[in-house]
Amino acid sequence: MPMKIENGPFWKRVEENLHNDFMRGAVAGMQDRGYVRRLGVIEELGHWEEWRSLAEQIRKHTLENLDFYLMQLSENVAKRGGHVFFAQTAEEANDYIRRVALEKQAKKIVKSKSMVTEEINLNPVLEAIGCQVVETDLGEYILQIDDHDPPSHIVGPALHKNKEQIRDVFQRKLGYTKSSDPVELARHAREMLRRDYLTADIGITGCNFAIAESGSITLVTNEGNADLVTALPKTQITVMGMERIVPTFEEMEVLVSMLTRSAVGQKLTSYITVLTGPRDEGDVDGPEEFHLVIVDNGRSSILGTEFQPVLQCIRCAACVNVCPVYRHIGGHSYGSIYSGPIGAVLSPLLGGYDDYKELPYASSLCAACTEACPVKIPLHELLIKHRQIIVEREGKAPAAEKLAMKAFRLGTASPSLYRFGTKLAPSAFAPFAEDGRITKGPGPLKAWTESREFPAPSKERFRDWFQTRQKGGNPS
Amino acid sequence: MTRGAIHNRDAFLEHIAHRLGRAPRLSGVSRPQWSNQPQWKVLAGYSQDDLLAVLREQCKLIHTDYIETTNAGLAGVLKQQVTAYGGGPVIVPDDPRFAEYGLSALLRDEWPAEQTTVHIWNPALGRQNIDAAEQANVGIAFSDITLAESGTVVLFSRNEQGRAIHFLPKTYIAIVPKSTVVPRMTQAAAVIHEQIEKGGLVPSCINFITGPSNSADIEMNLVVGVHGPMKAAYIVVTDR
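Respectively, the protein sequence lines represent chains A and B.
Counting in our numbering, the final residue of the first sequence is number 476, and the numbers go up one at a time with none missing.
Counting in our numbering, the final residue of the second sequence is number 1240, and the numbers go up one at a time with none missing.
Derived from the structure by calculation, the hints contain no laboratory data.
A virtual CB, placed ideally from N, CA and C, is assigned to each residue, including glycine.
Don't take every hint at face value.
Calculated pairs, SDA-like style, for lysine to any residue (alpha carbon to alpha carbon, straight line, at most 25 Å) [unchecked claim]:
| no. | chain 1 | residue 1 | chain 2 | residue 2 |
| --- | --- | --- | --- | --- |
| 1 | A | Lys385 | B | Lys1170 |
| 2 | A | Lys79 | A | Glu103 |
| 3 | B | Lys1041 | A | Glu103 |
| 4 | B | Lys1170 | A | Glu103 |
| 5 | B | Lys1170 | A | Lys60 |
| 6 | A | Lys60 | B | Ala1023 |
| 7 | A | Lys60 | B | Pro1032 |
Partner residues are not named here, just some residues of chain B that face chain A (Cβ under 8 Å, in silico) [claimed, not checked]:
| no. | residue |
| --- | --- |
| 8 | Gln1080 |
| 9 | Ala1099 |
| 10 | Thr1186 |
| 11 | Ile1206 |
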């Protein structure tokens, strides 16, 4: 799956998704429960602003010295017997991985979740040389067997599907005969994938954080799939975006602590694994051969520009989970594997304005994303910078901007007005929650008043915005 | 160890330096003193007993059975927990701590006499170890470092302790000596970093394991037990 996931004009995608009631309910439920969970673990941790400030310092320092840390990382990987390939483009990365697969005469490849391999569209390259490529993250597995349905969320890629749809796909593609109970579905996937782990020739992973001082890579999962992908096949290939690196174990620890809290509201996920090189001499499991592919693919063009802070991103999706626009239009509307506020900033940078010029306008500029970001990326400010560039480039503001700005002016004139406005009833917090599963209920008043984050706006307000937009026509 | 190959590095790094608007910086950078270090404030000043109380509470959140025992009671408790998880086959690393903690008789005599298969990881047996792990109902290992805040056991791979022990069996039991409990991941990372500074080599695999495998990918419903173990227990040995 390439970074670009859907054709058709942006506004058409939005309109289609606004009618997808299951998806909208699922997204709203995810945002509401996620919001309470995330604030809970942040509150328990304490000193969150100090943590954010530390994480920002770490990310900024690493980016400012990226050549040094990549040098150190590659030296340490090579010392441990691993191979390192620096790929300027997606094609170079794919070519190298294809060569390794051919050399190993690989038939079956198991993968753990990796955004960057989606971005470079690796799977078709391997399938073209006859490899069976199996995604092992449960969400990605579901999407893959459903004829490559695109992901709609960075962390929960199958969020838009309900369990009945998943059961139907399993019946159609896997000969599944049981119910739509998530436990039964997951057990079936477990059995199917066990065989794949044990018979695969190559395991491919992404990389949450590379550690320069030791040449290690860190993988963060709840399922344990990355561990089986790296423990059993004879060859391991890890693909990393070039910015996904920290100086030492100590910085890795800080960022992992923030990633797991920001992404899923957990203190740590079930499995955090630090792998260094291939297996040690005398080990029985772990790969005999290890390849690290470090991918630029447009990232260096962001360095040294006003957009450099976007490279601080640790892919937690906290910004997605608080975004009122994402809440209503869902991940598929963005037309990119990177959705939500981070997607609206990153996709035009990696994929160009021609495909993604609408995304910087898919925001109310309410700044909830910026407030939620654990590494302090000024997301809404970067969206404004994008708009400025688009305006300069096209000589005028697209019609979408004027309308969006007008519709949101009242609601977002000031944060305090927004927060304490009359529309902020508890019902506005969960317009689509399916039942009473918001664990802290309608009165997390402490969290509300302590946090500077914005609640999601009401359904009506967004409808107003969208209808205003429709009346005015649109440029695409 | 044969050194690995590095491809295309020079041009790649030069381009980064160019984009950053300066000459390539390939050596001589050191970490700054970070102005905030909130990670050290978490559970600061907690006694070993306080930390154990934190660990106990956290286990409730991570779907992990928590049992305390003394060294004298360990063999009995371990046997009971394996029975509770449905019995063998059992797989364990070849770890001298099993003998030091008085578990040799259980592993080598008692369980085999009751037809409970025990596989002790043996590098000489190669692939057979992985087959045994795949067939095992229970994997058992000693925690090297234990993180109270998150309820995490830290395990360093070695020839005698393969990675598959922690992932392929249906259930998992970690034996946690009380002395291994530290506040959080900060302390574990600091220990590992210190070893690297002294020129030590990190093991090829370090696992931070927090309870059983799980997923929320289907309608956000938590399913415990996806690819790895479906149940997990920590047995804390309070006098070690």
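Results for each hint:
no. : hint                    : verdict
1   : A/Lys385 with B/Lys1170 : violated, 52 Å
2   : A/Lys79 with A/Glu103   : holds, 23 Å
3   : B/Lys1041 with A/Glu103 : violated, 51 Å
4   : B/Lys1170 with A/Glu103 : violated, 35 Å
5   : B/Lys1170 with A/Lys60  : violated, 43 Å
6   : A/Lys60 with B/Ala1023  : holds, 18 Å
7   : A/Lys60 with B/Pro1032  : holds, 11 Å
8   : Gln1080                 : violated, 25 Å
9   : Ala1099                 : violated, 21 Å
10  : Thr1186                 : holds, 6 Å
11  : Ile1206                 : holds, 4 Å
When each numbered hint is compared with the structure, violations occur for hints 1, 3, 4, 5, 8, 9.
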